[in-house]
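Protein chains in written order, with full-length UniProt numbering: chain A, 1 to 480; chain B, 1 to 458.
In short, the hints are calculated from the structure, not lab data. Hints are not guaranteed to be accurate.
[What the hints assert, rightly or not] With a straight-line Cα cutoff of 16 Å, these simulated EDC-like cross-link-like pairs (lysine to aspartate or glutamate) come out: (1) A:LYS424 / B:ASP370; (2) B:LYS335 / A:ASP397; (3) B:LYS372 / A:ASP428; (4) B:LYS372 / A:GLU427; (5) A:LYS354 / A:GLU427; (6) A:LYS424 / B:ASP354; (7) A:LYS382 / B:ASP354; (8) B:LYS340 / A:GLU408; (9) B:LYS372 / A:ASP295; (10) B:LYS54 / A:GLU408; (11) B:LYS372 / A:ASP397; (12) B:LYS340 / A:GLU427; (13) A:LYS62 / B:ASP337.
Owing to the predicted nature of the structure, the values given are computational and were not obtained by experimental measurement.
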Amino acid sequence: MATEEMEQLVRREYTQGFVTDIESETVPPGLDESVIAFISQKKGEPEWMLEWRLDAYQQWLKMKAPSWAHLNYPPIDYQAISYFSAPKSKDDAPKSLDEVDPKLLETYEKLGIPLHERAALAGVAVDAVFDSVSVTTTFKEKLGEAGVIFCSISEAIRDYPELIKQYLGTVVPKADNYFAALNSAVFTDGSFVYVPEGVTCPMELSTYFRINAANTGQFERTLIICEKQAQVSYLEGCTAPMRDENQLHAAVVELVALEDAYIKYSTVQNWYPGDEEGRGGIYNFVTKRADCRGDRSKVSWTQVETGSAITWKYPSCVLRGKDSVGEFYSVAVTNGRQQADTGTKMIHIGEGTKSTIVSKGIAAGNSEQAYRGLVKIGPRAKGARNFTQCDSLLIGDRCGAHTFPYQEIGNSSATVEHEATTSKIGEDQLFYCRQRGISEEDAVNMIVNGFCKDVFQELPMEFAVEAEALLNVTLEGAVG
Amino acid sequence: MSGAQTFLNRLEERVSERQAASLPEPTWIVARRQAAAARFEALGFPTRRDEAWKYTDVRRIGEGDFALARDAAFSKAAAAALTLPIEAIRLTFVDGLFSAELSDLSALPSGASVEPLSQALADNHEAVGGALGRLTGVEFSPFSALNTAFTEEGAVIRLAPGTVVELPIVLQFLSRANDAAVMSHPRVLVQAGARSQATVVEHYVGEADAANFTNVVGEILLERGAILNHYKLQEAPLGDFHIASLHVDQGRDSRFTSFNINLGGALVRNDLVSDLNAQGAEASYLGLFFAQGRQHVDNHTLVNHNAPTTFSNENYKGILGDRARGVFNGKVIVKRDSQKIEAYQSNANLLLSDRAEIDAKPELEIYADDVKCSHGTTTGQLDEKAVFALRTRGINEQTARGLLTLAFAGEVMEQVTVDAIAERVERTVAGKLPERFNLTELVDASLNEVHDTGLGEE
């Protein structure tokens with residue numbers, strides 16, 4: 001993979017620092033109440049929102065960064081971060097694809113990314129991106145017809161304050177954890193989706209559409225509400241290596257599913273993992289939680305995590321409604337010096353609730369990877385059912401793969417199963433492929449893709465194809 | 001006065017008592033005692049904020065005031081009723097104090113030495129000091145620090161290279177129904193020389209009304225090719241608090257099998273740690289816990305694969321009724337460059353009541369790639385299809401459930417090689433089942449044709 005090129009690209013951004021833009025201001029590094037007030041004002045937020053943020057900030061001040069994860073990173077200096085950086089200056093962005101590093105384009109080629117998207121991903125100034133605006137507009141019209149609201153969280157705070165007041169922070173409370181509290185205080189962007197009763201969203205919603213309009217922020221906040229009998233599939237992130245100058249990411253995602261609603265949330269994360277020594281990569285501390293409030297509601301999390309130096313992420317489901325269903329499908333790949341501590345929590349509260357967890361971890365190089373999960377069956381969750389499968393594949397003898405599943409079971413009618421295996425790619429499997437004229441690298445890719453199949457088949461079609469290609473790119477150089 | 005301070009005061013009393021009675025102590029023991037007391041003072045009792053104690057609240061111990069036993073008096077008849085009915089080499093401790101009267105070392109073969117710690121210290125304290133505390137220091141947990149601070153009595157088993165001890169070595173710990181609750185902090189030390197073989201049984205049992213606190217620390221050193229079967233049969237009175245840790249150091253090609261059977265105690269915590277330090281070392285952990293009422297049983301196991309081509313296999317079964325709570329935390333760590341490892345872990349739990357709870361956490365930490373590791377854990381209830389299958393054969397529902405519960409425990413119990421233990425456990429489990437179905441009926445049912453027994457619908 002074109003790590004060096006990407007590194008160059010990223011470093012170029014760093015050496016130049018946070019430019020004072022002509023069009024919008026940037027606050028100097030540091031965090032205090034005035035910075036939060038500044039963010040709130042910049043976003044044109046009402047007074048109650050500012051108070052909400054300040055309250056979160058006060059609680060954050062009293063909290064300590066969690067240290068239980070199987071991660072090793074230097075302490076983060078929160079005063080050294082700029083919490084409001086304006087959209088990147090267009091002056092130093094490449095003017096067209098011709099100016100973009102050819103190696104990066106080669107990666108896009110391998111991933112099979114459509115031409116017009118490549119430009120956006122490489123950070124070509126928005127004006128130069130053809131077509132995207134009109135595409136977005138068409139989509140917006142279609143969604144409008146169905147009554148689906150899909151906009152940035154800032155717009156939603158302005159335009160739909162009642163919905164925000166009703167739902168924001170009800171799934172992930174302000175002071176839920178250290179990073180969630182920080183996010184609540186300083187979040188600058190993210191998506192808002194509202195699907196009205198009985199509506200099946202006519203298309204898969206993707207942050208792709210918005211990426212061109214505004215750079216996704218460092219502290220994203222996403223809120224998705226699915227009314228009774230509504231359905232939506234949401235895609236987050238993208239397979240291509242993203243240009244990003246923020247090292248710390250602390251996103252919060254809240255999903256609310258009411259009666260018979262179904263939310264499918266798919267993530268592909270491929271942020272900069274850092275150089276060979278692990279320097280400079282993205283720290284990704286994410287709090288994602290779904291609240292299955294209604295009876296028979298269903299939430300499905302699917303994630304493909306290949307990027308970031310540090311991943312700390314546990315998409316969870318609170319299964320409150322009777323017969324509600326939670327699913328978690330995950331593929332995490334770490335290489336180089338990446339560290340990932342990821343998994344899920346399934347909290348069974350309602351009767352007849354079901355959850356499925358399938359986690360596939362692939363560790364290569366000097367990376368460390370951990371699955372950490374909780375399955376909790378409350379005393380009222382009669383007949384609750386969980387199945388968990390987490391498998392790890394080790395490539396190379398310098399990496400680590402760990403499993404920390406917690407099970408707290410307080411109901412005798414519940415059935416909880418957990419299985420985990422750790423192994424390497426079998427010599428015989430490799431030999432079999434080689435014998436049929438398949439190169440070692442292709443053979444490994446084939447085996448790894450087979451290993452991840454259970455998860456990939458949960459991804460929306462075009463995402464799955466990209467994810468497979470991405471896996472191959474990420475593991476390049478890991479074998480042989 | 002804080003809980004930990006109560007214990008430290010008791011220690012101070014004991015130390016001055018010893019001084020007054022001019023009981024000599026080796027200087028190394030005095031130094032360790034002081035260091036351990038300081039460590040315990042600094043740590044205090046663990047709380048649920050400590051990850052290792054997340055599901056086990058030991059406040060009931062910390063807030064208690066336990067004296068130290070003054071004598072080892074125990075009626076012979078009462079002891080006989082509690083003792084495992086087998087021919088054995090036997091050391092008996094009453095509330096932590098050695099009872100020569102209830103011990104029997106007559107069958108000890110040459111090459112083997114089994115003696116109380118106090119005796120071993122008196123004979124040659126330097127020989128003991130080298131091994132004692134080598135595997136576990138005060139750092140392991142506040143309870144091991146507390147044990148080290150109070151160390152006075154226990155069992156020392158030494159096997160010369162090549163010694164094979166045919167009879168089981170039974171260490172019997174009796175808990176008395178005292179007027180005031182007492183505590184004991186026994187040590188168990190086993191040094192098995194190369195190619196030696198033995199079976200060691202730690203048996204905890206006592207008078208029904210006892211409410212004492214036992215805090216035992218064990219260390220087992222296995223040299224090249226040594227084979228040791230270790231049984232822990234914990235049938236402590238239902239008022240007893242029982243905290244135990246056992247640390248095993250395994251040399252090349254050594255084999256250690258642990259049967260960890262827990263039926264008694266109000267609050268029980270077991271830590272079992274094996275270090276597989278050389279090629280070919282193998283550890284098998286088998287466990288069964290059965291808790292009812294408000295019993296709390298916590299089992300923590302840890303296998304460190306420190307060398308290549310080492311093997312471990314673990315199978316724990318839990319049965320929980322009423323408002324009992326069980327904890328299973330099994331961990332396997334494969335160190336970097338420990339290749340060609342096989343490690344399997346399995347835990348199955350059966351909940352008999354809606355108010356019972358199990359917290360299971362099977363963990364793998366793996367730093368080598370050429371390994372085969374897996375773990376599985378399941379929690380559920382009896383298979384209704386199996387219950388139905390038995391009922392179609394004319395067995396009433398309660399008996400069917402009882403049979404299936406026994407069968408669930410059977411997977412572990414059938415590997416027990418000391419028949420007296422297997423029988424005792426089977427009887428206890430059968431007798432304690434909420435269905436109250438009785439074992440003889442079961443045996444009859446299995447011996448006779450079903451239609452002849454008249455067992456049918458109630």
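Hint-by-hint comparison with the structure:
For the hint pairing A:LYS424 with B:ASP370, the CA-to-CA distance comes to about 6 Å; that is within 16 Å, so the pair holds. Restraint check for B:LYS335 and A:ASP397: satisfied, since their Cα atoms lie roughly 11 Å apart, inside the 16 Å limit. The suggested pairing of B:LYS372 with A:ASP428 holds, with an alpha-carbon distance near 15 Å, which does not exceed 16 Å. The suggested pairing of B:LYS372 with A:GLU427 holds, with an alpha-carbon distance near 13 Å, which does not exceed 16 Å.
Annotation: proposed proximity of A:LYS354 to A:GLU427 is violated, straight-line Cα distance about 38 Å (limit 16 Å). At most 16 Å may separate the alpha-carbon atoms for a hinted pair to count; A:LYS424 and B:ASP354 exceed this at roughly 41 Å. With a CA separation close to 9 Å, the supplied pair A:LYS382 and B:ASP354 stays within the 16 Å bound. With a CA separation close to 33 Å, the supplied pair B:LYS340 and A:GLU408 exceeds the 16 Å bound.
For a cut-off of 16 Å, the pair hint linking B:LYS372 to A:ASP295 is broken: about 41 Å separates their Cα positions. The straight-line distance between the Cα atoms of B:LYS54 and A:GLU408 is roughly 11 Å, inside the 16 Å bound, and the hint therefore holds. Proposed proximity of B:LYS372 and A:ASP397 is supported: the alpha carbons are some 14 Å apart, at most 16 Å. With a C-alpha separation of about 13 Å, the suggested pairing of B:LYS340 with A:GLU427 holds against the 16 Å cut-off.
Proximity of A:LYS62 to B:ASP337 is assessed by CA-CA distance (about 42 Å); at most 16 Å being required, the pair is judged violated.
Consistency note: the structure conflicts with the earlier hints numbered 5, 6, 8, 9 and 13.
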